[in-house]
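Colleague: Take the sequences, apply the hints, and build the full model.
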Amino acid sequence: MFSFIIRRIGTILLTMLCLTLVVFFLVNLEPNLKKLAISQTEMHTSAEQLESWLVNHGYRQNFFARYGQWLGVVPKQPITDPATGKTTQRFSFCNDPTVPTFSGVIEGDFGCSTKFKTTVGAKLFPALGATGILMFWVLAVMVPVSLLIGILAGMREGSRTDRVLSVASIASTATPEYVSGVIFTVVFASWLGWLNGSAASASQGITFYNFTLPVITLAIYGIGYIARMTRASMVEVMTQQYIRTARLKGLSFKSVVVKHALRNALIAPFTVIMLQFPWLLTGVVIVEVMFRYQGFGYTLVEAAGNNDIDLLLGCSLVSVFIVLITQLISDVGYAFLNPRIRVQ
Amino acid sequence: MQAQYIGASTIILEVFWRFWPVWAALFIVMGASFLYKKKLALYGQLFDSGVGMAGVFICLFWLFTAIFASTISPFDPLGQVPIMKDTLPGAIEPQSGLVYLFGGDKLARDVFSRMVYGSQIVLIIAPAATGFALMVGITLGLPAGYYGGKIDSILSFLANLVLAFPVILLFYLLVTPGIMDTPIPYALAGVFFLFPIIFFSVLFWTRYKNRPDRIYILLGLTLIIGGWIYLGLVFDRDPLHIVHIDPNQLNIFVAVVFASSPGVFRIVRGLVMDIKTRDYVAAAQTRGESPWYIMLWEILPNARGPLIVDACLRIGYTTILLGTLGYFGLGLAPESPDWGTAIKDASRLLRSFIHPALPPTIALMSFVLGLNLLADSLREQSMKD
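Note that the protein sequences, when read in sequence, are chains A and B. Each residue of the first sequence is one higher than the one before, counting from 8 in the working numbering. Each residue of the second sequence is one higher than the one before, counting from 171 in the working numbering.
Derived from the structure by calculation, the hints contain no laboratory data. Using N, Cα and C, we set each Cβ at its ideal position, and we do this for glycine too. It is possible that part of the hints are untrue.
Claimed, not checked - Cβ pair distances, simulated, as ranges:
no., chain 1, residue 1, chain 2, residue 2, range
1, B, Asp444, A, Pro107, 52 to 58 Å
2, B, Leu210, A, Leu155, 36 to 42 Å
3, A, Phe215, B, Gly319, 55 to 61 Å
4, A, Gly340, B, Gly319, 52 to 58 Å
Modeller: Structural data, given as structure tokens:
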């Protein structure tokens, strides 16, 4: 078990290395660098000035040297004025070093956000905190509701309840966030006026009024999927021999479901809930942009839209880490919950 | 000048009437399918359940809407009539006397016509991209599952690499205007579009290599048709100027195929690992059949059930992805009538006008719902066998 986890962590690190290299390559394509230089200099700058800005800020160094600097295995170079030989900071708003130092991701320095004029850490971690709050409420709504729907539907396969709930969950999986978000806003914000169609004020304080719409919009897509998986698992458990034995012993249907079936039926949904995180990540981006909530997704869109290289790399690192770590937790947790499974 | 309006019930009747070619086509196809359902194998069995019929109905509805779009929609989806800006549903356009059935949007275009034309974009790109993703996934998943070992490790690592990317980040990196200046989309297209040609060539070669009368015709047809489409799509050099795709559409297409083929790969690999332990595979191995013959003619046909179900779900998923792209304004032209772009435009103005937002959202939702219902009922039917 221990060696399994070690090996998996090794794979995770390798995957993260490969992916950041790919992202690094894509954000450093010539058109993207041009876009960055244009957005960072004054309007109407000539091509030579753009080029000199790129050279001055170290964007024309060797590709692998720059990747190494970002990673922290190659020392970060300050800007050296060729005439005087004096060194200055690359970006003054980030406390960049004036002497060559190792300062990359490995050392805990995520770099410098050119869009927000601050360090990536100062921008990214508060945003992650904000998204964490959103995620907490989404899971707090999504997991109980979907498990309940799945269990009620799977309890008696083919019953009217089952058919109604199954179609409802199929409908909810057919509703992506940008569709449900619009429909909920129209119904609850425009027609009824019960809720706020924007969560911009949620960064000051979360209220039922401004936070409900983003939470249910994000939860609704996952509910259908998890409910269907729970239903399938429940249906399978209900056909097992030990359920029949429990019924034949004369136990009531309710106590069979609660005491015998439930525990075994909830193993599979655990994996599904964990693997739902990557999709939630995409949903977070859509919902945060739609409801103007200043979290991780909003930061990612801003970073990508302005080709903010270090911030975008930081965002990809975080999201890839979340995806892989939840996969690991789901594998290990599954083996832990189900003694019949042993990981090699 | 104030626009004239028609009443709510007239709008509903008018919308219903506008779709007449769709109703006619639906009546013929559904009727014929229902009458001959006994002879139509899996497709016919769909008509045994209400869910299956609903799924077929919705999917065919949008298919026919896309086909008859020019007959159904009263206006040009890009045409602007300044007087109709932000008009509510049922406003009469003074010049032609026709009605803006679902009102006008902020650029004074007819919301109804845009919804109808939007179906064309979705129904061309989503199934085609899913088809290519299936080809890529199958061609790579078969050897990975069948041989195992090193090929499997490498391909699985690559697939996991792509799957570890959040889709939205992938799109932001792959579908930007800047990337069109680099050879990356064309290189990816060049690789992906090669897979169908390889797939069909190997498919025919393994089966008919000892029958010269068939093999040359089939291989020749594959290479000529495949090469022709390949030239048109990747290099835009179709000698007959029939096959053509806009560079930004190619970019979207490639990104969608790239994002969804690892999923197909995983499913195919899992299915192959399961099926290769069956007796008929062992029998084929003992007969001395080549590995690719076994993969393509013994294993693949027996994996078709789950693959068809997955393809249905995947078309729906691709539709959602296309909507996401439109919603973030990536790739598609800003005036394009596709549903995602329409939702994006309308959702910014929800506070003042809600009518431009509802038709595209309901259209997208109903189409994906139809595909999901179809997949669900296909799964149930194939489980019965």
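Colleague: Against each hint, give a clear statement of whether it holds in the structure.
Modeller: Verification of the hints:
1. Asp444/B - Pro107/A: 52 to 58 Å: Given a distance of about 56 Å, which is inside 52 to 58 Å, the answer is holds.
2. Leu210/B - Leu155/A: 36 to 42 Å: At roughly 39 Å between Cβ atoms, Leu155/A and Leu210/B fall inside 36 to 42 Å, so the hint holds.
3. Phe215/A - Gly319/B: 55 to 61 Å: holds, 56 Å
4. Gly340/A - Gly319/B: 52 to 58 Å: At roughly 29 Å between Cβ atoms, Gly319/B and Gly340/A fall outside 52 to 58 Å, so the hint is violated.
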